[in-house]
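Asker: From first to last, the protein sequence lines are chains A and B.
Taking the working numbering, the leading residue of the first sequence gets 5, the next gets one more, and so forth.
Taking the working numbering, the leading residue of the second sequence gets 5, the next gets one more, and so forth.
Heads up, a few of these hints could be off.
Stated by the list, open to error - Heads up, simulated DMTMM-like pairs for lysine to aspartate or glutamate below, C-alpha to C-alpha not over 25 Å straight-line:
| no. | chain 1 | residue 1 | chain 2 | residue 2 |
| --- | --- | --- | --- | --- |
| 1 | A | 190 | B | 213 |
| 2 | B | 190 | A | 104 |
| 3 | B | 101 | A | 150 |
| 4 | B | 100 | A | 150 |
| 5 | B | 100 | B | 150 |
What the hints contain is simulated information worked out from the structure, not anything from laboratory work.
There are 2 protein chains.
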Amino acid sequence: MRLLLISNSASPGEGYLEKASKHIQEFLGKQSLNIVFIPYAAVTYSYEEYEEKVNKRFAAFGQRVVSIHRAQRPIESVLRADAIVVGGGNTFMLMKKMQEMGLIDAIRERVKSGAAYIGWSAGSNVACPTICTTNDMPIVQPRTFEAFNFVPFQINPHYLDTHPSNHGGETREMRIAEYLVANPDKWVVGLREGCIMKVEGNSINMIGEKSARIFKHNIETKEINPGEDFQFLLK
Amino acid sequence: MRLLLISNSASPGEGYLEKASKHIQEFLGKQSLNIVFIPYAAVTYSYEEYEEKVNKRFAAFGQRVVSIHRAQRPIESVLRADAIVVGGGNTFMLMKKMQEMGLIDAIRERVKSGAAYIGWSAGSNVACPTICTTNDMPIVQPRTFEAFNFVPFQINPHYLDTHPSNHGGETREMRIAEYLVANPDKWVVGLREGCIMKVEGNSINMIGEKSARIFKHNIETKEINPGEDFQFLLK
Numbered sequence: 005m006r007l008l009l010i011s012n013s014a015s016p017g018e019g020y021l022e023k024a025s026k027h028i029q030e031f032l033g034k035q036s037l038n039i040v041f042i043p044y045a046a047v048t049y050s051y052e053e054y055e056e057k058v059n060k061r062f063a064a065f066g067q068r069v070v071s072i073h074r075a076q077r078p079i080e081s082v083l084r085a086d087a088i089v090v091g092g093g094n095t096f097m098l099m100k101k102m103q104e105m106g107l108i109d110a111i112r113e114r115v116k117s118g119a120a121y122i123g124w125s126a127g128s129n130v131a132c133p134t135i136c137t138t139n140d141m142p143i144v145q146p147r148t149f150e151a152f153n154f155v156p157f158q159i160n161p162h163y164l165d166t167h168p169s170n171h172g173g174e175t176r177e178m179r180i181a182e183y184l185v186a187n188p189d190k191w192v193v194g195l196r197e198g199c200i201m202k203v204e205g206n207s208i209n210m211i212g213e214k215s216a217r218i219f220k221h222n223i224e225t226k227e228i229n230p231g232e233d234f235q236f237l238l239k
Numbered sequence: 005m006r007l008l009l010i011s012n013s014a015s016p017g018e019g020y021l022e023k024a025s026k027h028i029q030e031f032l033g034k035q036s037l038n039i040v041f042i043p044y045a046a047v048t049y050s051y052e053e054y055e056e057k058v059n060k061r062f063a064a065f066g067q068r069v070v071s072i073h074r075a076q077r078p079i080e081s082v083l084r085a086d087a088i089v090v091g092g093g094n095t096f097m098l099m100k101k102m103q104e105m106g107l108i109d110a111i112r113e114r115v116k117s118g119a120a121y122i123g124w125s126a127g128s129n130v131a132c133p134t135i136c137t138t139n140d141m142p143i144v145q146p147r148t149f150e151a152f153n154f155v156p157f158q159i160n161p162h163y164l165d166t167h168p169s170n171h172g173g174e175t176r177e178m179r180i181a182e183y184l185v186a187n188p189d190k191w192v193v194g195l196r197e198g199c200i201m202k203v204e205g206n207s208i209n210m211i212g213e214k215s216a217r218i219f220k221h222n223i224e225t226k227e228i229n230p231g232e233d234f235q236f237l238l239k
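For reference, chain A alone in the conformation it holds in the complex:
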């Protein structure tokens, strides 16, 4: 499998996918590909707008996505794709729509048989065993929280260390600690903004300027830097 799992599309002051752009370009290569885009995490804007925003960035390196909402036969489109790109937004909405359209099995099959997979934010969440480490509000109920399971660990995208001052709500680390108690066999990668996990076959690496924060129940939380060994996550 080939996976590019991106924490987020942009931080304030950055253009959409600006930071990830060169890594997406490198990951996809120079040949023009048949790329299917899954826009279903979009809630407050249209699939057309979403597709256009992505294509504006992809055009810079000569690629173009086609959003699945245009497909007459979505499952067949997925099964013919060279690459599948899943955009961020609301993870629950994304899962629900993909389930309703029967896309989960199709995308899983196609990526396992060789299509490149790129996801950011919600699109990285669904590459994990479940959506149980999303930050999103559960605005709709998907049939199941079980996702693509391309990697055996969970990603918490947009991982952040800060917490609004004088706020009684749970910190991100407290939320993940709850997840670990309920799911003691799973690793969680707190993927800070601007960071990317890249999987190629049996190899996994992190791209970015920050360390990842790695959690497991009853194991001391650690910070691992780009270039260091992430292989244990695939075991």
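Could you slot chain B onto chain A? The hints should help.
Answerer: Same frame as chain A, now just chain B:
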């Protein structure tokens, strides 16, 4: 129905339920009551610890809760209770455990037939039609997101206006905007920390020092202060 729906247990620097204490006392009255406590939102601490923490506060006004995890026949305990108190923690865990134990119908029935209901944070969320406006991480999957439906609107507890600077994740207001698009018929009350919604029969009021932020799809978001009219929420 009599409901006391509290945004949160405590903000930094406050004792547990310190701010809500006098309102809980007033709501329960002077007579010693048979109060059942639902501790199932607890994930990283024990039910015993949770019960003790609540009782430490309740003792100050001469009441005492008994946690449902001690009951030999939990459903019967609920049906005999004068008051039901649902503590905060993880909303998904709370829902899952209550569903597994068959408590949803029992609590709904008992509160509709006159028991007082007090909830904070997750405990306020589950008083709503669904848990779709929780801030919590979906660490486990409940069978359904449908909750007690004591009130026809949704509460977003711990509502906050601030957002970590330089963070690309959704603001709270963006998350609620997504909920509204997916659920255009529902009011959402952004209940700031320290605030309480009090329902007695057909009357609803807010207690607190801050305004509530009120959202509905295609309606201008408004701020409503304690003492102002909240009745529209029950229609």
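Asker: Between residue 190(B) and residue 104(A), does the CA-CA distance stay at or below 25 Å?
Answerer: Holds: residue 190(B) and residue 104(A) sit about 23 Å apart, inside 25 Å.
Asker: Is the Cα-Cα distance between residue 100(B) and residue 150(B) 25 Å or less?
Answerer: holds (11 Å)
Asker: For the pair supplied as a hint, residue 100(B) and residue 150(A), is the alpha-carbon distance within the 25 Å limit?
Answerer: Cα-Cα ~16 Å, so holds.
Asker: Are residue 101(B) and residue 150(A) close enough, with their CA atoms no more than 25 Å apart?
Answerer: Distance ~19 Å between residue 101(B) and residue 150(A) Cα, so the pair holds.
Asker: Are the Cα positions of residue 190(A) and residue 213(B) separated by 25 Å at most?
Answerer: Answer violated: residue 190(A) to residue 213(B) is near 42 Å, above 25 Å.
Going down the numbered hints, you'll see the structure goes against just number 1.
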